[in-house]
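Trainee: Since the structure of chain A is already known, use the hints to place chain B on it.
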Amino acid sequence: EPEVTQTPSHQVTQMGQEVILRCVPISNHLYFYWYRQILGQKVEFLVSFYNNEISEKSEIFDDQFSVERPDGSNFTLKIRSTKLEDSAMYFCASSESPETQYFGPGTRLLVL
Amino acid sequence: AQSVTQPDIHITVSEGASLELRCNYSYGATPYLFWYVQSPGQGLQLLLKYFSGDTLVQGIKGFEAEFKRSQSSFNLRKPSVHWSDAAEYFCAVGARDYKLSFGAGTTVTVRA
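Those protein sequence lines, which keep their order, are chains A and B. When we follow the numbering used here, the leftmost residue of the first sequence carries the number 1, and every step to the right adds one. When we follow the numbering used here, the leftmost residue of the second sequence carries the number 113, and every step to the right adds one.
Only chain A is shown next, with the shape it has when bound in the complex (with noise of 0.2 Å):
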């Protein structure tokens, strides 16, 4: 059964630093997403991706972030200057159609 795919599994980084985040979403799919899920809070929306552009972002979604789909098969979740509230695991996402999306296994994030 396909699936999303997402790497690295864990990352830990310095306050300041740029990560970036990857995910593959599954092959035949056009609607992507971006989530998070700070320890002990909800999962929360970021950023739905259709089409080579953003459909829809959350308030979280600040200019310290931008997605990308680089090549046909990778979508990147970057931070640019990453703050310490910045630490939470992020959930890539993709839809076929836009109703039901299927999530990958998540990135840990830790800014230190």
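Calculated from the structure, these hints are not laboratory results. Bear in mind that the values here come from a model prediction, so they are computed numbers and not experimental data. Treat the hints with care, since some could be wrong.
[Said to hold, decoys possible] Mimicking DMTMM-like on lysine to aspartate or glutamate, the simulated pairs with C-alpha atoms at most 20 Å apart in a straight line are:
| hint | chain 1 | residue 1 | chain 2 | residue 2 |
| --- | --- | --- | --- | --- |
| 1 | A | LYS57 | A | GLU68 |
| 2 | A | LYS83 | A | GLU53 |
| 3 | B | LYS161 | B | GLU176 |
| 4 | A | LYS42 | A | GLU59 |
| 5 | A | LYS57 | A | GLU3 |
| 6 | A | LYS42 | B | GLU200 |
| 7 | B | LYS173 | A | GLU3 |
| 8 | B | LYS161 | A | GLU68 |
| 9 | A | LYS83 | A | GLU59 |
| 10 | B | LYS161 | A | GLU99 |
| 11 | B | LYS161 | B | GLU200 |
| 12 | B | LYS161 | A | GLU96 |
| 13 | B | LYS161 | A | GLU3 |
| 14 | A | LYS78 | A | GLU18 |
| 15 | B | LYS173 | A | GLU1 |
| 16 | B | LYS180 | B | ASP120 |
| 17 | B | LYS161 | A | GLU44 |
| 18 | B | LYS180 | B | ASP197 |
| 19 | B | LYS173 | B | GLU127 |
| 20 | A | LYS42 | A | GLU56 |
| 21 | A | LYS83 | A | GLU18 |
| 22 | A | LYS42 | A | ASP86 |
| 23 | B | LYS161 | B | GLU178 |
| 24 | B | LYS173 | B | GLU200 |
| 25 | B | LYS180 | B | GLU132 |
| 26 | A | LYS42 | B | ASP120 |
| 27 | A | LYS57 | A | GLU44 |
Mentor: For chain B alone, coordinates are given in the frame of chain A:
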């Protein structure tokens, strides 16, 4: 804006017993409703979804959920729990913009 409440933070159930997890949503129109499960170290796996039609939906792993518009609820049930059902369960609601809003989750512990 849509929101989801899962009133039970933690439920303990005996193996073989029935399970019901509660979910209440707030949304002005007909919502898209989902249940996801997260096992330790794993991503969010879609259990089932409701868009329209029959209010009792069947999912994977023997789970079912019932949509009750009058109660704004979408409770998840399983008649006989297996030890492998120990996990965290998330109810989510999607709106026309397709971004999902998640509940805080219910952790299920299964005792032998």
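Trainee: Look at each hint and say if it fits the structure.
Mentor: Hints versus structure:
A threshold of 20 Å between alpha carbons decides the hint, and for LYS57/A with GLU68/A the separation of about 14 Å falls inside it, so the pair holds. Between the alpha carbons of LYS83/A and GLU53/A the distance comes to roughly 25 Å, so the proposed pair goes past 20 Å and is violated. A threshold of 20 Å between alpha carbons decides the hint, and for LYS161/B with GLU176/B the separation of about 10 Å falls inside it, so the pair holds. For a cut-off of 20 Å, the pair hint linking LYS42/A to GLU59/A stands: about 15 Å separates their Cα positions.
A C-alpha spacing of about 24 Å is found between LYS57/A and GLU3/A, which places the hinted pair above 20 Å, so the restraint is violated. Between the alpha carbons of LYS42/A and GLU200/B the distance comes to roughly 12 Å, so the proposed pair stays at or under 20 Å and holds. A hinted pair counts as satisfied when its Cα atoms are at most 20 Å apart, and LYS173/B with GLU3/A qualifies at roughly 18 Å. At most 20 Å may separate the alpha-carbon atoms for a hinted pair to count; LYS161/B and GLU68/A exceed this at roughly 29 Å.
Distance restraint check for LYS83/A and GLU59/A: the Cα-Cα separation of roughly 16 Å lies within the 20 Å cut-off, and the hinted pair is therefore satisfied. A hinted pair counts as satisfied when its Cα atoms are at most 20 Å apart, and LYS161/B with GLU99/A qualifies at roughly 9 Å. For the proposed pair LYS161/B and GLU200/B, the alpha carbon gap of about 17 Å is at most 20 Å, so the pair holds. Proposed proximity of LYS161/B and GLU96/A is supported: the alpha carbons are some 15 Å apart, at most 20 Å.
The hinted pair formed by LYS161/B and GLU3/A meets the criterion: a straight-line CA distance of about 18 Å does not exceed 20 Å. For the hint linking LYS78/A to GLU18/A, the alpha-carbon distance of about 7 Å falls within 20 Å, and the restraint holds. For the hint linking LYS173/B to GLU1/A, the alpha-carbon distance of about 16 Å falls within 20 Å, and the restraint holds. Of the supplied pair hints, the one linking LYS180/B and ASP120/B holds, its CA atoms being roughly 18 Å apart against a limit of 20 Å.
Pair hint LYS161/B plus GLU44/A holds up; C-alpha atoms about 19 Å apart against a cutoff of 20 Å. Between LYS180/B and ASP197/B, the direct Cα distance comes to roughly 24 Å. Violation of the 20 Å bound is thereby established for this hinted pair. Between LYS173/B and GLU127/B the CA atoms are separated by roughly 15 Å; this keeps the pair inside 20 Å, and the hint holds. The hinted pair formed by LYS42/A and GLU56/A meets the criterion: a straight-line CA distance of about 19 Å does not exceed 20 Å.
Distance check on the hinted pair: LYS83/A and GLU18/A sit about 10 Å apart at the alpha-carbon level, within 20 Å; holds. For the given pair, LYS42/A sits about 14 Å from ASP86/A by alpha-carbon distance, which is consistent with the 20 Å threshold. Straight-line distance between C-alpha atoms of LYS161/B and GLU178/B comes to about 10 Å, which keeps the hinted pair within the 20 Å bound. Restraint check for LYS173/B and GLU200/B: the C-alpha separation of about 14 Å stays at or below 20 Å, so the hint holds.
For the hint linking LYS180/B to GLU132/B, the alpha-carbon distance of about 15 Å falls within 20 Å, and the restraint holds. Distance hint between LYS42/A and ASP120/B is fulfilled; the C-alpha atoms sit about 14 Å from each other, no more than 20 Å. This hinted pair checks out: LYS57/A and GLU44/A have alpha carbons roughly 11 Å apart, not beyond 20 Å.
Taken one by one, the earlier hints fail for this structure at numbers 2, 5, 8 and 18, listed in ascending order.
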